[in-house]
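Enquirer: Residue numbers (this note's numbering), protein chains in the order written: chain Y, 453 to 864; chain W, 453 to 864.
Hints in this document: simulated from the structure, not taken from any laboratory. Treat the hints with care, since some could be wrong.
Identical chains blur together in the list; that is why a pair holds if it fits in one copy or across any two.
As the list claims (entries may be wrong) - Distance condition first, Cα-Cα at most 30 Å in a straight line; then the derived DSSO-like pairs of lysine-lysine:
#1 661 <-> 675
#2 539 <-> 562
#3 780 <-> 539
#4 673 <-> 562
#5 643 <-> 824
#6 574 <-> 673
#7 483 <-> 759
Protein chains: 2
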Amino acid sequence: MGVLVLKFGGTSVATVPAIENVANKVAAEIKNGHKIAVVVSAMAGVTNQLVSYCSEINQIFNPQEYDTVVAAGEQITSGLLALALQKRGIGARSWLGWQVPIVTNDVHGKARIRSIDSPALKTSVMKGDVAVIAGFQGVTPEGRLTTLGRGGSDTSAVAVAAALRADRCDIYTDVQGVYTADPRIVNRARKLNKISYEEMLEMASVGAKVLQTRSVELAMKEKVPLQVLSSFEEALGSDLPGTLVVDEGDIVEQEVVSGVTHSRDEAKVTLRSLPDVPGVAARVFGPLADASINVDMIVQNLSPDSKKTDLTFTVPRADLPRTLEVLKAISKDLPGTQIESSADVAKISIIGIGMRSYVGVAQKMFKTLAEKGINIQVITTSEIKVSVLISEEYTELAVRSLHTAYGLDHES
Amino acid sequence: MGVLVLKFGGTSVATVPAIENVANKVAAEIKNGHKIAVVVSAMAGVTNQLVSYCSEINQIFNPQEYDTVVAAGEQITSGLLALALQKRGIGARSWLGWQVPIVTNDVHGKARIRSIDSPALKTSVMKGDVAVIAGFQGVTPEGRLTTLGRGGSDTSAVAVAAALRADRCDIYTDVQGVYTADPRIVNRARKLNKISYEEMLEMASVGAKVLQTRSVELAMKEKVPLQVLSSFEEALGSDLPGTLVVDEGDIVEQEVVSGVTHSRDEAKVTLRSLPDVPGVAARVFGPLADASINVDMIVQNLSPDSKKTDLTFTVPRADLPRTLEVLKAISKDLPGTQIESSADVAKISIIGIGMRSYVGVAQKMFKTLAEKGINIQVITTSEIKVSVLISEEYTELAVRSLHTAYGLDHES
Numbered sequence: 453m454g455v456l457v458l459k460f461g462g463t464s465v466a467t468v469p470a471i472e473n474v475a476n477k478v479a480a481e482i483k484n485g486h487k488i489a490v491v492v493s494a495m496a497g498v499t500n501q502l503v504s505y506c507s508e509i510n511q512i513f514n515p516q517e518y519d520t521v522v523a524a525g526e527q528i529t530s531g532l533l534a535l536a537l538q539k540r541g542i543g544a545r546s547w548l549g550w551q552v553p554i555v556t557n558d559v560h561g562k563a564r565i566r567s568i569d570s571p572a573l574k575t576s577v578m579k580g581d582v583a584v585i586a587g588f589q590g591v592t593p594e595g596r597l598t599t600l601g602r603g604g605s606d607t608s609a610v611a612v613a614a615a616l617r618a619d620r621c622d623i624y625t626d627v628q629g630v631y632t633a634d635p636r637i638v639n640r641a642r643k644l645n646k647i648s649y650e651e652m653l654e655m656a657s658v659g660a661k662v663l664q665t666r667s668v669e670l671a672m673k674e675k676v677p678l679q680v681l682s683s684f685e686e687a688l689g690s691d692l693p694g695t696l697v698v699d700e701g702d703i704v705e706q707e708v709v710s711g712v713t714h715s716r717d718e719a720k721v722t723l724r725s726l727p728d729v730p731g732v733a734a735r736v737f738g739p740l741a742d743a744s745i746n747v748d749m750i751v752q753n754l755s756p757d758s759k760k761t762d763l764t765f766t767v768p769r770a771d772l773p774r775t776l777e778v779l780k781a782i783s784k785d786l787p788g789t790q791i792e793s794s795a796d797v798a799k800i801s802i803i804g805i806g807m808r809s810y811v812g813v814a815q816k817m818f819k820t821l822a823e824k825g826i827n828i829q830v831i832t833t834s835e836i837k838v839s840v841l842i843s844e845e846y847t848e849l850a851v852r853s854l855h856t857a858y859g860l861d862h863e864s
Numbered sequence: 453m454g455v456l457v458l459k460f461g462g463t464s465v466a467t468v469p470a471i472e473n474v475a476n477k478v479a480a481e482i483k484n485g486h487k488i489a490v491v492v493s494a495m496a497g498v499t500n501q502l503v504s505y506c507s508e509i510n511q512i513f514n515p516q517e518y519d520t521v522v523a524a525g526e527q528i529t530s531g532l533l534a535l536a537l538q539k540r541g542i543g544a545r546s547w548l549g550w551q552v553p554i555v556t557n558d559v560h561g562k563a564r565i566r567s568i569d570s571p572a573l574k575t576s577v578m579k580g581d582v583a584v585i586a587g588f589q590g591v592t593p594e595g596r597l598t599t600l601g602r603g604g605s606d607t608s609a610v611a612v613a614a615a616l617r618a619d620r621c622d623i624y625t626d627v628q629g630v631y632t633a634d635p636r637i638v639n640r641a642r643k644l645n646k647i648s649y650e651e652m653l654e655m656a657s658v659g660a661k662v663l664q665t666r667s668v669e670l671a672m673k674e675k676v677p678l679q680v681l682s683s684f685e686e687a688l689g690s691d692l693p694g695t696l697v698v699d700e701g702d703i704v705e706q707e708v709v710s711g712v713t714h715s716r717d718e719a720k721v722t723l724r725s726l727p728d729v730p731g732v733a734a735r736v737f738g739p740l741a742d743a744s745i746n747v748d749m750i751v752q753n754l755s756p757d758s759k760k761t762d763l764t765f766t767v768p769r770a771d772l773p774r775t776l777e778v779l780k781a782i783s784k785d786l787p788g789t790q791i792e793s794s795a796d797v798a799k800i801s802i803i804g805i806g807m808r809s810y811v812g813v814a815q816k817m818f819k820t821l822a823e824k825g826i827n828i829q830v831i832t833t834s835e836i837k838v839s840v841l842i843s844e845e846y847t848e849l850a851v852r853s854l855h856t857a858y859g860l861d862h863e864s
């Protein structure tokens, strides 16, 4: 008995029968004695259709109007699920972002939630009515619609869970949980029963697309227990069939490495023969930051000519053309500098809070890749993560080898 | 130079190219020096799709959630048209019903506009920005979304025109204006250049589906000059290519009869051998009113047995099954009464403010129909309209004969 927030993604509400299935899950949780708020995404395909209308009109669209158009998707689902619940004799009503209100900043297209202060929502849920909340959307203090970026409904759900002080936030999706690696690549990948916020955060930021990064940050900050689970299985969230994302202290048996992820969304850029003088990095990265290009892995090497240096870094692959434009403009002031780039790279990461207590974890990664003849181009590390950039063609080989090397393969 | 409100129906915004066409018309009116508010419907087909989702879940749906779902259609169009205008370098923004706000009562599914008090909208339009307003939708004082019923965007447009004290409200649609009869039936039907509010009101209420009745009522009350015109022709609204709906005094050459309409949306019910006692009509029509069934034409005859009476009336054809249920329940208390009904009827009306000054107008109608062997089942009249109920199979013959008899056929 408690308050649960259930979030259903686009594939889970793709059709009317799928929405009926969701209504059945909600009904079952109510029968278990829980009070429920549901956060829904747009029916699968709807958001893409709306985005394509916008792009058809103008490639460079005004994000305020874009938000107005695409927010319609979640509005439709919230009304339909409320209808499906009412048919089952369950008190329910839809809540649009502006009705709650979910107040955000005005960075349209990727707004951040500022506050959810809604006595009306709380009263309604505590009374036993199901609140069906349109995910992904909010409203500025000035009353314009905003959206939270792809995957933003996860963040809506966690924020609602925090506002309602919910006992758990169940993220229903089309996978059964968080895996030790992408099961499409590693057929011996295992579903994790538990994972820490920190690990999930690193995973989300390096390619595991199961949760929006910000939703995990928020859950960690607000201490909202999260579960990732499948809406297409019989089991209810309360049976804990998925992966629980919890505090480190709640995980008893901790593996050294919890997962191996890969990302093909990277591109590598190398600036050769940069003048090796103070401030040269700022002259490169400043304009990239101004262009909202997110630089990730960075390494700097001495050139053979010791007054020159080589600088290598990665950017999102989609931003490579813009990155090269910015760099060409800068390079006029940096005589002799050559720009090289490659999009044929992949970032492979191992993640695990166990790394803090064990030595030789990174070394095992480098050795495993070397044995397979895979060359490491760039390395970055954090306290609980090691990432390497490799040639894209080795992606599957690298992930499978590391998965075996760290003892993650399931028996069978 | 002035303020214009332009309303575009679903077929006029059915696709992205159609929306671009609308943007071109708006741009041309701006070039003419006008300030513009646009009211848009949902893209053709979208509303039907959303309604069918609702019906698929539950035939008897909660109208609050229905409104939340279907209001998404106009939201999408308003954002897209704003984008198309911005692409042309025109300052524009979308306004959803709740953002204006267009405050309505809480009769969901067919709400009535209470007020549009929006200094922000006025300021924006007067500054020269185009306001792209989502039609068909409003918001209750409690903040729930409402819709205004089929054709409600016409009423949105007139209400916005009244609020902005606009010089004209142009209703762009898929026909070129208001015709003397349905051109699909009468190939010699003529487009009217002008028609009075009163005539338009009668036409709208007896089958000419070009404007929502309430929009004409509101235009008459607020003295908003309305124009019905086609969005698929080259001519702009300012060239007055359509039909102007105006005050009677603004029409110089008034015909005796302005149009002949027909409606197949009727069904006839006869109660035979009702006890002829005071209060019996109330005992029949009271329960029908309670069931929100709109009774239209009524005639009462003496039965051969003079203590009994026959009562005949029409109801909307879609309401016939419910009507018969209500009557069956009543008839238990009215022994000897038989219920007869027929859906194979049509209502034919002639409309014209000239009727007030000429005699013999109705007589010509009866004579014309008699000459063609068409039996009149029920007659009702108003100051500027005569309606008859006939067997449905004579619909085309009746309309064509009357169109010729009143001199409405165009030359050629």
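Enquirer: Look at each hint and say if it fits the structure.
Expert: Structure-based check of each hint:
Only within a single protomer do residue 661 and residue 675 lie at most 30 Å apart by alpha-carbon distance; the minimum there is 21 Å, versus 58 Å between protomers. In this assembly of identical chains, residue 539 and residue 562 lie within 30 Å of each other by CA distance solely across copies; the values are 22 Å between and 35 Å within a copy. In this assembly of identical chains, residue 780 and residue 539 lie within 30 Å of each other by CA distance solely across copies; the values are 29 Å between and 61 Å within a copy. Only within a single protomer do residue 673 and residue 562 lie at most 30 Å apart by alpha-carbon distance; the minimum there is 20 Å, versus 45 Å between protomers.
Proximity of residue 643 and residue 824 under a CA criterion of 30 Å is satisfied intra-copy only: 26 Å inside one chain copy versus 81 Å between copies. For the identical chains of this complex, residue 574 and residue 673 are intra-copy neighbours only, at 21 Å inside a copy versus 44 Å across copies, given an alpha-carbon limit of 30 Å. With identical chains, the CA atoms of residue 483 and residue 759 are never at most 30 Å apart, being 73 Å at best within one copy and 62 Å at best between copies.
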